[in-house]
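Residue numbers (this note's numbering), protein chains in the order written: chain U, 1 to 299; chain L, 1 to 299; chain P, 1 to 299; chain G, 1 to 299.
Everything labelled a hint here was simulated from the structure, so no lab data went into it. The reader is advised that the hints may include incorrect statements.
One copy or any two copies: either way a pair holds, since identical chains are not told apart in the list.
[Claimed, not checked] Under the rule of at most 20 Å between Cα atoms (straight-line distance), these lysine to aspartate or glutamate pairs were calculated in the EDC-like manner: (1) 210 with 247; (2) 129 with 294; (3) 2 with 291; (4) 189 with 81; (5) 2 with 135; (6) 33 with 141; (7) 33 with 108; (8) 66 with 257; (9) 210 with 9; (10) 66 with 96; (11) 189 with 115; (12) 129 with 8; (13) 210 with 257; (14) 2 with 115; (15) 232 with 96; (16) 210 with 36; (17) 129 with 114; (18) 97 with 81.
Keep in mind it's a predicted model, so treat the numbers as computed, not measured.
So the chains spell out like this:
There are 4 protein chains.
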Amino acid sequence: MKISDFIEEMGNAGVLGAGRVYRATNLLSEMIKDPELNIFLSVAGPMVPGGMRSIIVDLIKNGIIKVLITSGANLTHDLLESFGGSHYRNYGFDDEKLHDSGMGRIGDIYTKSEDFEIFENEINHILEKIASETEITSIQDFIYHVGTQITDENSIIKAAADNNVPIYAPGIIDSMLGLQLWMFNQSNKLGLDAVADMHQLSDIVFESDKVGVVILGGGLPKHYSLASNLLKGGVDAAIQITMDRSETGSLSGAPLEEAKSWAKAKAGSNLVTVVGDATVLFPLVLAGALDLVDSGENE
Amino acid sequence: MKISDFIEEMGNAGVLGAGRVYRATNLLSEMIKDPELNIFLSVAGPMVPGGMRSIIVDLIKNGIIKVLITSGANLTHDLLESFGGSHYRNYGFDDEKLHDSGMGRIGDIYTKSEDFEIFENEINHILEKIASETEITSIQDFIYHVGTQITDENSIIKAAADNNVPIYAPGIIDSMLGLQLWMFNQSNKLGLDAVADMHQLSDIVFESDKVGVVILGGGLPKHYSLASNLLKGGVDAAIQITMDRSETGSLSGAPLEEAKSWAKAKAGSNLVTVVGDATVLFPLVLAGALDLVDSGENE
Amino acid sequence: MKISDFIEEMGNAGVLGAGRVYRATNLLSEMIKDPELNIFLSVAGPMVPGGMRSIIVDLIKNGIIKVLITSGANLTHDLLESFGGSHYRNYGFDDEKLHDSGMGRIGDIYTKSEDFEIFENEINHILEKIASETEITSIQDFIYHVGTQITDENSIIKAAADNNVPIYAPGIIDSMLGLQLWMFNQSNKLGLDAVADMHQLSDIVFESDKVGVVILGGGLPKHYSLASNLLKGGVDAAIQITMDRSETGSLSGAPLEEAKSWAKAKAGSNLVTVVGDATVLFPLVLAGALDLVDSGENE
Amino acid sequence: MKISDFIEEMGNAGVLGAGRVYRATNLLSEMIKDPELNIFLSVAGPMVPGGMRSIIVDLIKNGIIKVLITSGANLTHDLLESFGGSHYRNYGFDDEKLHDSGMGRIGDIYTKSEDFEIFENEINHILEKIASETEITSIQDFIYHVGTQITDENSIIKAAADNNVPIYAPGIIDSMLGLQLWMFNQSNKLGLDAVADMHQLSDIVFESDKVGVVILGGGLPKHYSLASNLLKGGVDAAIQITMDRSETGSLSGAPLEEAKSWAKAKAGSNLVTVVGDATVLFPLVLAGALDLVDSGENE
Numbered sequence: 001m002k003i004s005d006f007i008e009e010m011g012n013a014g015v016l017g018a019g020r021v022y023r024a025t026n027l028l029s030e031m032i033k034d035p036e037l038n039i040f041l042s043v044a045g046p047m048v049p050g051g052m053r054s055i056i057v058d059l060i061k062n063g064i065i066k067v068l069i070t071s072g073a074n075l076t077h078d079l080l081e082s083f084g085g086s087h088y089r090n091y092g093f094d095d096e097k098l099h100d101s102g103m104g105r106i107g108d109i110y111t112k113s114e115d116f117e118i119f120e121n122e123i124n125h126i127l128e129k130i131a132s133e134t135e136i137t138s139i140q141d142f143i144y145h146v147g148t149q150i151t152d153e154n155s156i157i158k159a160a161a162d163n164n165v166p167i168y169a170p171g172i173i174d175s176m177l178g179l180q181l182w183m184f185n186q187s188n189k190l191g192l193d194a195v196a197d198m199h200q201l202s203d204i205v206f207e208s209d210k211v212g213v214v215i216l217g218g219g220l221p222k223h224y225s226l227a228s229n230l231l232k233g234g235v236d237a238a239i240q241i242t243m244d245r246s247e248t249g250s251l252s253g254a255p256l257e258e259a260k261s262w263a264k265a266k267a268g269s270n271l272v273t274v275v276g277d278a279t280v281l282f283p284l285v286l287a288g289a290l291d292l293v294d295s296g297e298n299e
Numbered sequence: 001m002k003i004s005d006f007i008e009e010m011g012n013a014g015v016l017g018a019g020r021v022y023r024a025t026n027l028l029s030e031m032i033k034d035p036e037l038n039i040f041l042s043v044a045g046p047m048v049p050g051g052m053r054s055i056i057v058d059l060i061k062n063g064i065i066k067v068l069i070t071s072g073a074n075l076t077h078d079l080l081e082s083f084g085g086s087h088y089r090n091y092g093f094d095d096e097k098l099h100d101s102g103m104g105r106i107g108d109i110y111t112k113s114e115d116f117e118i119f120e121n122e123i124n125h126i127l128e129k130i131a132s133e134t135e136i137t138s139i140q141d142f143i144y145h146v147g148t149q150i151t152d153e154n155s156i157i158k159a160a161a162d163n164n165v166p167i168y169a170p171g172i173i174d175s176m177l178g179l180q181l182w183m184f185n186q187s188n189k190l191g192l193d194a195v196a197d198m199h200q201l202s203d204i205v206f207e208s209d210k211v212g213v214v215i216l217g218g219g220l221p222k223h224y225s226l227a228s229n230l231l232k233g234g235v236d237a238a239i240q241i242t243m244d245r246s247e248t249g250s251l252s253g254a255p256l257e258e259a260k261s262w263a264k265a266k267a268g269s270n271l272v273t274v275v276g277d278a279t280v281l282f283p284l285v286l287a288g289a290l291d292l293v294d295s296g297e298n299e
Numbered sequence: 001m002k003i004s005d006f007i008e009e010m011g012n013a014g015v016l017g018a019g020r021v022y023r024a025t026n027l028l029s030e031m032i033k034d035p036e037l038n039i040f041l042s043v044a045g046p047m048v049p050g051g052m053r054s055i056i057v058d059l060i061k062n063g064i065i066k067v068l069i070t071s072g073a074n075l076t077h078d079l080l081e082s083f084g085g086s087h088y089r090n091y092g093f094d095d096e097k098l099h100d101s102g103m104g105r106i107g108d109i110y111t112k113s114e115d116f117e118i119f120e121n122e123i124n125h126i127l128e129k130i131a132s133e134t135e136i137t138s139i140q141d142f143i144y145h146v147g148t149q150i151t152d153e154n155s156i157i158k159a160a161a162d163n164n165v166p167i168y169a170p171g172i173i174d175s176m177l178g179l180q181l182w183m184f185n186q187s188n189k190l191g192l193d194a195v196a197d198m199h200q201l202s203d204i205v206f207e208s209d210k211v212g213v214v215i216l217g218g219g220l221p222k223h224y225s226l227a228s229n230l231l232k233g234g235v236d237a238a239i240q241i242t243m244d245r246s247e248t249g250s251l252s253g254a255p256l257e258e259a260k261s262w263a264k265a266k267a268g269s270n271l272v273t274v275v276g277d278a279t280v281l282f283p284l285v286l287a288g289a290l291d292l293v294d295s296g297e298n299e
Numbered sequence: 001m002k003i004s005d006f007i008e009e010m011g012n013a014g015v016l017g018a019g020r021v022y023r024a025t026n027l028l029s030e031m032i033k034d035p036e037l038n039i040f041l042s043v044a045g046p047m048v049p050g051g052m053r054s055i056i057v058d059l060i061k062n063g064i065i066k067v068l069i070t071s072g073a074n075l076t077h078d079l080l081e082s083f084g085g086s087h088y089r090n091y092g093f094d095d096e097k098l099h100d101s102g103m104g105r106i107g108d109i110y111t112k113s114e115d116f117e118i119f120e121n122e123i124n125h126i127l128e129k130i131a132s133e134t135e136i137t138s139i140q141d142f143i144y145h146v147g148t149q150i151t152d153e154n155s156i157i158k159a160a161a162d163n164n165v166p167i168y169a170p171g172i173i174d175s176m177l178g179l180q181l182w183m184f185n186q187s188n189k190l191g192l193d194a195v196a197d198m199h200q201l202s203d204i205v206f207e208s209d210k211v212g213v214v215i216l217g218g219g220l221p222k223h224y225s226l227a228s229n230l231l232k233g234g235v236d237a238a239i240q241i242t243m244d245r246s247e248t249g250s251l252s253g254a255p256l257e258e259a260k261s262w263a264k265a266k267a268g269s270n271l272v273t274v275v276g277d278a279t280v281l282f283p284l285v286l287a288g289a290l291d292l293v294d295s296g297e298n299e
């Protein structure tokens, strides 16, 4: 069976999760086909360790997303793989034993401390090079310069640098990458101005005829991607895939509609929230949308 | 993109929800291909109103499932459609207004009272016919006899009757169908012995070399499908797709592993729990498994 | 700090979970104080193994609840304790090992097979006694007669029999108690008419000026308690405490408002859904409501 | 009933949510009584709009917490109230209408744009004063200086400044406070170095004999509070109250045990995760712990 036929069946059901997946797929295909609309991708949670690295690289390389907003952790894990490290499976759930074996756990994903040691060496060489050659002006500018030093063609950070897709990571300091940056700063000067990113990002927002955001998980990236559109009256379209609940009031689980009250989404904007695991549902929605774009079906 | 390629990508990720979907798909294809294994399908939640009716009918007609365990509500909604009724969309969420307009709501699914009126008439004719012609011996026997009176080729109940797939609905009385049965019994005699089903179902279990269960949602059907295998040491394989949490201790959200402690699943049995919306994930897992069966890939 | 002061603080916050707990507490106190309103308590999930047995017994003995609707499992575990068995803690999560040690697991609660052996012996003596002395007319009638044979003052089933609180367990057959009943029926005759309960329960509904339901968990008991009020236009008030989500459309997680569309709750009825673990939140809401009733504060 | 008696009942149940609340309460009382242990409080989600402001102020004033880690949003809402604004209830859920009436929605909590206008004026006066008088060295230093300008005795930021409790808000820029900071920087110079906070926070960690963290919600504050203890081998104790799920792999829903694999929690550290709404469960656990501390019961 083809994904596009499957999505069509979801549309025939049209309700509950099936209806949400169908509507998200159609909205994403419309967002991709609209030449006036710039797509921001917001990525929280362990999406790189969770296997979505190549999907994000493709979205950058084929020009589908114009901006990436993510966590320092996803950038760290992208670099970990670029430097030859990997993510592992099936090492059990005894966290004290894992620690003794030099493994870190993220759900059912495992990392090895030897990969982090290589990461530390490599990133420190890069930090030294950047510090000696450039004056860093913002977090985005820092990530860009890291990207210029990466040779791995499968790297999100490199692909973004190569394709002029800015990466924003407002919480970068809270990650292994941030930790290295802090330790590097003990004896060097490579401070990151937390305010400076906003200038450039708001320029992108104002230069966009329309903005659509695709939000995987919640967290800081979700709020940042919506709030950056506040001064222009909000986004024109948004898709959110999350397992977080709405009842606690946290933004991560908030229905997208709530953004309309804050002018983070425009009145009349097309908003679809899908409840579920983004590692399954985003590849599904994306594959369906790309099938639709290729076939020109829902033009 | 083909579903089988998509599932393969899920396997490459191999972790979090993607890994669970991949493992469930492989397990289901193995269950389907194993000539010694009988598949029981357990269906709770609004799966018929949610658009899964034709999928279940196909599973019965093509011989994939040997037993169906479900709620009285799903049987009611199957009959509602067989009698010409339907399920509707997009009538809003003001439940008092919906009531005044003669509509019942299930999430974002709507029913019309006029369809239920037809349902009542039709089911009463059938009840009268059954009561005059047969002595009902169990709930399963009752559902079977209803099935023989249905002409709609898209009906689960008819397909089950035609193909000798017994339907168990231990909570049948707690549904619109049960309500009609109760009202019919005010002036007639068509009592249903709640104990009698167990005789036949345990015979099926003992005659099966192996049993695998596919559990959509939780509820009474989940427990019934697992517990019916208790006397034989438990099921040999199981897949569960649910959004319920494990922390409250309720069986609906319990991890399948827990069934091993009760001998409802055998030691060493292959068990996969997928967290998410069954109206999306079961069609996905099933389509992937059928692709695998057709291609003979994971033999 | 007193619970009533704590609930008052929840009311000062007034929003999110705090607001829900406050409103549920006030509604429950109003339900208890209203002499025209009969309270039905619906109990799904492992509430007896989860430590709520004595709370339910007290609610029966002090006349607060008029009807109890629950699962066969909770009745089984009530009997298990009445026959000298217990629920255990801290035996780990390796289900195959647990099985080998004769333990069954429910989340972090454990049972011992030796307790179930005693349960089987004892319940069989009771079944023999009942079968020889009475003709059972319904599931409720069966549970009542079991209750008359229990000597344990802490038993829910005994307290209910002593205080004329009918217990409905429409899915009783799907439990260890049901299993014993089925095996007993292999050589005896003690069939349970699944339809008969509805006659008596609907009489109770029609004789009640008003009905309020308190719903712990979802499942068959939730639907049964609401649906039994359908013919009279729905309940007058309801409180639900559950961790289930609404997005899958299953009744267990459905917001109580949805019941209005089906005339299972009256237009204008007071309905409060609290999201969380009932083993914490129901004792909290109940203690707060009893404080309010004692002090006459919210009259 | 007293909270301490209630918590004792939770301990008698000892399992499921009741057991978790009991264990969290005991652990928190031990943490409070341990003179060698410094408590870090991590607060994500709308805890200030959700009514927890005075609880947090009390924890600062009575010396229970040594460090507060939170979001820019909670700081914004603390200032909003200090400047005379408020949080409102019961304005419905039509977000386009809310926007037209100048209201922003957070679940069932509402804000008014006129309060935000006052906030903007007041914070700008403070920013001007700070920029003219001091050179800001870190985000924590900035928040401290804001605190010295606040006169409202109910303010978290003022209480923290008065009592030398540092507040860390690594994602501060992503909030209304951050937005004002950015706009102020268009024509002024008040940059915030995202790296500098780490120096001071790691000093606090190394000067503490032991660290215990209390984590409300997840998000950036959760990771930051745990990761800041990484270089010292992890925290000695932790309590987490969250509704997020573990299955997606995101840190917000991750079980605390996972932190042991990363040396963010020590082997053998006492860790309790409670699943539920922090606006109910944290006040409950805290009230119970304070009762225990006062009575000296679990010494």
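Checked hints:
1. 210 with 247: neither (31 Å within a copy, 30 Å between copies)
2. 129 with 294: This pair counts as neither: shortest intra-copy Cα distance 43 Å, inter-copy 55 Å.
3. 2 with 291: The answer is both: 9 Å in one copy and 10 Å across copies each meet 20 Å.
4. 189 with 81: neither (27 Å within a copy, 38 Å between copies)
5. 2 with 135: For residue 2 and residue 135, neither the intra-copy (50 Å) nor the inter-copy (48 Å) Cα distance is at most 20 Å.
6. 33 with 141: This pair counts as neither: shortest intra-copy Cα distance 29 Å, inter-copy 47 Å.
7. 33 with 108: neither (36 Å within a copy, 29 Å between copies)
8. 66 with 257: neither (23 Å within a copy, 38 Å between copies)
9. 210 with 9: neither (30 Å within a copy, 32 Å between copies)
10. 66 with 96: Neither, since 42 Å and 28 Å both go past 20 Å.
11. 189 with 115: neither (26 Å within a copy, 40 Å between copies)
12. 129 with 8: neither (51 Å within a copy, 40 Å between copies)
13. 210 with 257: within (18 Å within a copy, 37 Å between copies)
14. 2 with 115: This pair counts as neither: shortest intra-copy Cα distance 38 Å, inter-copy 35 Å.
15. 232 with 96: between (49 Å within a copy, 16 Å between copies)
16. 210 with 36: Within one copy only: 6 Å inside, 55 Å across.
17. 129 with 114: neither (23 Å within a copy, 49 Å between copies)
18. 97 with 81: Cα proximity of residue 97 and residue 81: none, with 24 Å in one copy and 38 Å across.
Of the hints listed earlier, those the structure fails to meet are numbers 1, 2, 4, 5, 6, 7, 8, 9, 10, 11, 12, 14, 17 and 18, in rising order.
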